[in-house]
Amino acid sequence: MTAADAPGDTAPTPDPPPPAAYPPPAAYPAPWKGWAAVLAVALAIFCLITSELLPVGLLTPVGDALGVSDGTAGLMVTVPGLVAGLCAPLVTVGAGRLDRRLVLCVLIALTAAANLAAAVAPGFAVLLAARLLVGVGVGGFWALAGGLAVRLVPQRHVGRATALVFGGVPTASVLGVPAGTLLGELGGWRAAFGAVGVLGLLALAALLLLLPPLPPTRDVTFRELPALLRGNRGVRAGVIVTFLVVTGQFAAYTFVRPVLQDVSGIDAAYVSTLLLGYGAAGVGGNFLAGARDAYRAVLVISSALTVVLGLIATLPGAAAGTALLLAWGLAYGGVSVSLQSWMIKAAPGAAEAATSLMVAMFNLAIAAGALAGGFAVDGIGAAAAPLTGAALMLVAAVTVSLTVMVRMPRATAADG
-5 MTAADAPGDT APTPDPPPPA AYPPPAAYPA PWKGWAAVLA VALAIFCLIT
45 SELLPVGLLT PVGDALGVSD GTAGLMVTVP GLVAGLCAPL VTVGAGRLDR
95 RLVLCVLIAL TAAANLAAAV APGFAVLLAA RLLVGVGVGG FWALAGGLAV
145 RLVPQRHVGR ATALVFGGVP TASVLGVPAG TLLGELGGWR AAFGAVGVLG
195 LLALAALLLL LPPLPPTRDV TFRELPALLR GNRGVRAGVI VTFLVVTGQF
245 AAYTFVRPVL QDVSGIDAAY VSTLLLGYGA AGVGGNFLAG ARDAYRAVLV
295 ISSALTVVLG LIATLPGAAA GTALLLAWGL AYGGVSVSLQ SWMIKAAPGA
345 AEAATSLMVA MFNLAIAAGA LAGGFAVDGI GAAAAPLTGA ALMLVAAVTV
395 SLTVMVRMPR ATAADG
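Heads up, the sequence shown is in the working numbering, so the first residue is -5 and it goes up one at a time.
Calculated from the structure, these hints are not laboratory results.
One or more hints might be untrue.
In silico SDA-like links for lysine to any residue, alpha-carbon gap of 25 Å or less [what the hints assert, rightly or not]:
no., residue 1, residue 2
1, LYS27, VAL87
2, LYS27, LEU195
3, LYS27, GLU179
4, LYS27, LEU92
5, LYS27, ARG95
6, LYS27, VAL73
7, LYS27, LEU96
8, LYS27, GLY373
9, LYS27, GLN149
10, LYS27, PRO207
11, LYS27, LEU268
12, LYS27, ARG251
13, LYS27, ARG94
14, LYS27, ARG150
15, LYS27, VAL100
16, LYS27, ALA298
17, LYS27, PRO148
18, LYS27, THR308
19, LYS27, GLY117
20, LYS27, THR72
21, LYS27, ALA200
22, LYS27, ILE260
23, LYS27, PRO209
24, LYS27, LEU204
25, LYS27, LEU282
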């Protein structure tokens, strides 16, 4: 049952856009090539997110080698996140009439080169400059790739294809970052950056071989972005919900280690293993959410995270902490694909513009969440981080509820 069928709604959720609203699938001699292209994009997303998060496990060795503190080394994570948020709309508009296949290949090549440059960086300034380029690649690629599924597979498979593309996000957390950290321990941090650079070159080769020409379906202008926010209630609500959910997530997750140790009483030796379990649950959550109605999925996710984060902040005990952490991963794993599907459904005629707004807010909210959680932990204690996240998730759930109770316009002048 969709939100439109739910009893008690004063107005139904808008119906899915008609087939004419979607760009036609790319022409292939065989249908499997569309899915091969989807896999190539998923590999590139995996590489990009691994690149963005890799320094999380390498802060201390990088700091020791280049003579900076752990706090300063943390800029390797902060800088690309902020740059990605700014570049998502800039790249979307700047791409203009360029073939999207060309733009995506340039962005993944830039990311690969940035990682290889980081591997040989003589000092922290050069390394940070390379990380800035990673932010350009992440923000631009994500904004353009998020809406590609509708052009690569038939309409009935778009949900699953989008879930597959965004499966690269939790998979990078489960496999990419731990593998990079392990490689850093075995061969040094430079080897870790070099390996991700080589992975980027492999992703580039896959895109060149498998992705068909993708001419733009329409131009995106800077004037259109604020117009889309003003004129499309669904896009506006999606951007607000993105801010609330992602800020709430990173207010809590940034400090998950002290929460597990101080509140749940879990031994530090087991935290890394539990976080792998969290990531594995996230992969499952991604594919579960990808097959669901976007509005209903975001409502369920934000409601579930309100409860889970509230409980993990207040229930002591290793068993409770472990169970809640896995539930947390399962719920949050569906966020990226659900928000992406929300934006495509809200503005099917302006998917790139809508996605760029979501990606910009997503990455900026990561920084905002970490900052909010830091203030909460410093001022009150570790438990305050998930409580802050729970409060934001509750506001998100209310926002989604109000959104699905009001019929959103199917088409506006802003979304074409």
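For each hint, the structure was consulted:
Distance restraint check for LYS27 and VAL87: the Cα-Cα separation of roughly 29 Å exceeds the 25 Å cut-off, and the hinted pair is therefore not satisfied. For the suggested pair LYS27 and LEU195, the alpha carbons sit about 21 Å apart, so the restraint of at most 25 Å is met. With a C-alpha separation of about 38 Å, the suggested pairing of LYS27 with GLU179 is violated against the 25 Å cut-off. Between LYS27 and LEU92 the alpha-carbon distance is near 23 Å, which keeps this suggested pair within the 25 Å criterion.
Pair hint LYS27 plus ARG95 holds up; C-alpha atoms about 15 Å apart against a cutoff of 25 Å. Taking the CA atoms of LYS27 and VAL73, the gap is near 36 Å; set against the 25 Å cutoff, the hint is violated. Between the alpha carbons of LYS27 and LEU96 the distance comes to roughly 18 Å, so the proposed pair stays at or under 25 Å and holds. Between LYS27 and GLY373 the CA atoms are separated by roughly 54 Å; this puts the pair beyond 25 Å, and the hint is violated.
A hinted pair counts as satisfied when its Cα atoms are at most 25 Å apart, and LYS27 with GLN149 qualifies at roughly 15 Å. For the suggested pair LYS27 and PRO207, the alpha carbons sit about 13 Å apart, so the restraint of at most 25 Å is met. Between LYS27 and LEU268, the direct Cα distance comes to roughly 37 Å. Violation of the 25 Å bound is thereby established for this hinted pair. With a C-alpha separation of about 42 Å, the suggested pair LYS27 and ARG251 falls outside the 25 Å cut-off, and the hint is violated.
Of the supplied pair hints, the one linking LYS27 and ARG94 holds, its CA atoms being roughly 17 Å apart against a limit of 25 Å. A distance of roughly 16 Å separates the Cα atoms of LYS27 and ARG150; the hinted pair therefore holds under the 25 Å criterion. Note on LYS27 and VAL100: the hinted pairing holds, with a Cα-Cα distance of about 22 Å set against a maximum of 25 Å. At roughly 37 Å between alpha-carbon atoms, LYS27 and ALA298 are farther apart than 25 Å, so this suggested pair is violated.
At roughly 12 Å between alpha-carbon atoms, LYS27 and PRO148 fall within 25 Å of each other, so this suggested pair holds. Between LYS27 and THR308 the CA atoms are separated by roughly 50 Å; this puts the pair beyond 25 Å, and the hint is violated. A threshold of 25 Å between alpha carbons decides the hint, and for LYS27 with GLY117 the separation of about 44 Å lies outside it, so the pair is violated. For the given pair, LYS27 sits about 37 Å from THR72 by alpha-carbon distance, which is inconsistent with the 25 Å threshold.
With a C-alpha separation of about 12 Å, the suggested pair LYS27 and ALA200 falls inside the 25 Å cut-off, and the hint holds. The hinted pair formed by LYS27 and ILE260 fails the criterion: a straight-line CA distance of about 47 Å is larger than 25 Å. Proposed proximity of LYS27 and PRO209 is supported: the alpha carbons are some 18 Å apart, at most 25 Å. Of the pairs offered as hints, the one joining LYS27 and LEU204 holds, with about 7 Å between alpha carbons and a cut-off of 25 Å not exceeded.
Distance check on the hinted pair: LYS27 and LEU282 sit about 24 Å apart at the alpha-carbon level, within 25 Å; holds.
Hints 1, 3, 6, 8, 11, 12, 16, 18, 19, 20, 22 from the earlier list are contradicted by this structure; the remaining hints agree with it.
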